[in-house]
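Protein chains: 2
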Amino acid sequence: MADLPIRFGIIGCAEIARKVSRAIQLAPNATVYAVASRNVDKAANFAKANGFPPHTKIYGSYESLLDDPDVDAVYLPLPTSLHLKWAVLTAQKKKHILTEKPVALNVAEFDQILKACEENGVQIMDGTMWVHHPRTHKMKEFLNDKERFGQLKTVNSCFTFFADPDFLKNDIRVKPDLDALGALGDAGWYGIRSILWAADYELPKTVTAIRHPVLNEAGTSGTLHLTDFIIPYQEHEASYTTSTKPGFDELVTGWSQLPSEHTVTVDLPQEVCMVREFASLVRNIKKKGTQPDKKWPTISRKTQLVLDAVKASIDKGFQPVEIVS
Amino acid sequence: MADLPIRFGIIGCAEIARKVSRAIQLAPNATVYAVASRNVDKAANFAKANGFPPHTKIYGSYESLLDDPDVDAVYLPLPTSLHLKWAVLTAQKKKHILTEKPVALNVAEFDQILKACEENGVQIMDGTMWVHHPRTHKMKEFLNDKERFGQLKTVNSCFTFFADPDFLKNDIRVKPDLDALGALGDAGWYGIRSILWAADYELPKTVTAIRHPVLNEAGTSGTLHLTDFIIPYQEHEASYTTSTKPGFDELVTGWSQLPSEHTVTVDLPQEVCMVREFASLVRNIKKKGTQPDKKWPTISRKTQLVLDAVKASIDKGFQPVEIVS
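Sequence order for the protein chains is A and B. Numbering-wise (numbering that gives the first Met the number 0), the first sequence opens with residue 0 and increments by one. Numbering-wise (numbering that gives the first Met the number 0), the second sequence opens with residue 0 and increments by one.
It is worth saying that the hints were derived from the structure and are not from the lab. Keep in mind that this is a model prediction, so the values were computed, not measured. Think of the CB as a built atom: it goes at the ideal place given N, C-alpha and C, for glycine as much as any other residue. Where hints are given, some of them may not hold.
As the list claims (entries may be wrong) - Below are the BS3-like pairs computed for lysine-lysine, each with C-alpha atoms no more than 25 Å apart in a straight line:
#1 LYS285/A with LYS114/B
#2 LYS293/A with LYS139/B
#3 LYS244/A with LYS145/B
#4 LYS174/A with LYS152/B
Stated by the list, open to error - Stretch-level coverage of chain A by chain B, calculated; a stretch enters the list once three of its residues show a Cβ under 8 Å from a Cβ in chain B:
#5 116-125
#6 149-161
#7 189-196
Construct the complete structure from the given sequences, taking the supplied hints into account.
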């Protein structure tokens, strides 16, 4: 007898559930079996809009879905604040749990959920997708390669995204009562996971947040990125990439536009441009008796000022140091 | 009468002087006129090895070069600890100064150098090359574009390089008596400059160093880089780049090898891989009565633990928070 696919029930019709329900349908060993919303019409419309099989069960409450004996596993895309209640109940109903991240508002809540899972013999997994990408396994092979990579020293993980005014006003991740961890629980979760992943999940001894996390009340539009800013890879040309209002496709399975790469062809290497600029300023002074330019020394001095302040901060036990120009 | 090129004197035969003297020769308005070392043979060999014109003046002391009335400008590649003495003397001899960075050991020294330059009407410029690259101007156009880029929020600037055992033992940048600022004055200078550059050279109000700067007594070999780790640009493939012992060409004008790009083609999107993995674990429990797997909840919990610690650190005024698992 062939194995039956694992039958998923989905509780909550969040935007992210569209992507994950498609994934459930595409996975060779899983199927969407039921969907629940607090409003039965919403659940029915969600099933229809996302092409669920016609025999998908539609429930008007999460409880009734959890009582369905044919549901094997539950996908839980609810806001974080609701995870504790619904994950524990799901476990008690002996359903396995695939839950959106962050799993809980804190470790104490997490441990209550985990205890319920262990007591009821159910599997729990959080919905961090990138760790399952085949690319991630290939990258890990590189990190594990003592010859090619060596020893892990530093991980620099950034997560930025373009949030439009609607997101910043209405998304659950900006509502403290729904997603109390906000950007830390959302983007922060990924950055933390990536550091742990690179370190073979060895926990750090201590953690220090960087000062002045800001609530981005107004978003910005673009990003600029380059990897060879000090010395360009090649002398005759140099590139950088830009993104403007980067976004994802409808189901958030890829990007609606790729960053655009810009290549600048150069006649003279950067150090020659530097000498030319310097010699040109010197010539003005020599020929015309002009005063030395103030732009470059001012820039140098500012760099030195900040350098001094960084050193002072190190010397003062990593306290903030005021810049006095 | 055509303008004569600016005649450079070079004091010190540092490795970096090879690159910059080539740049001086290539610049349309500059020429290498003289070179000085504390050892006249060293200066002569340096001139020969780097293809300086046969009529280049060779000096066995910095002072004698500075006394040459035909030297317009001096390129100063000496260790940072020697900058104050020699930059001030150069200015007093009415020679313009192109100096390696960091300009000085601190702002107090910097201001002494600047004062000498101002009193003697000479130009000073530091040797930060990348700001002179045409790419940098193009990137700035993007940053200035309110439509495409918007408002600057964050700059994330990393500078890593592969330092072989010889560098870590012998380079002047690891000798406190020669380059007392070490990596901060070298790599740090560039990172600081890049932040100032992006911010139109507006000084920050405060600066806080990140804890635990480490002296890398042992280097590592490789770097791994990707820009779309959460959601790959495209569903059917994903890329990353690796470098192993990256290095520069002989004159440090480009890279001896480019990072290599690796593309992974995928049959199933990452979220489908995730569901498949989860469903497979659930199936094992259902069919074989096995215990739920512990790997994924352990990883989730560690992520949550670190997330909690970050939040605690924010709440405690950005102090370090110990991780207690």
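Structure-based check of all given hints:
| no. | hint | in the structure |
| --- | --- | --- |
| 1 | LYS285/A with LYS114/B | 20 Å, holds |
| 2 | LYS293/A with LYS139/B | 20 Å, holds |
| 3 | LYS244/A with LYS145/B | 12 Å, holds |
| 4 | LYS174/A with LYS152/B | 22 Å, holds |
| 5 | 116-125 | holds (count 8) |
| 6 | 149-161 | holds (count 10) |
| 7 | 189-196 | holds (count 6) |
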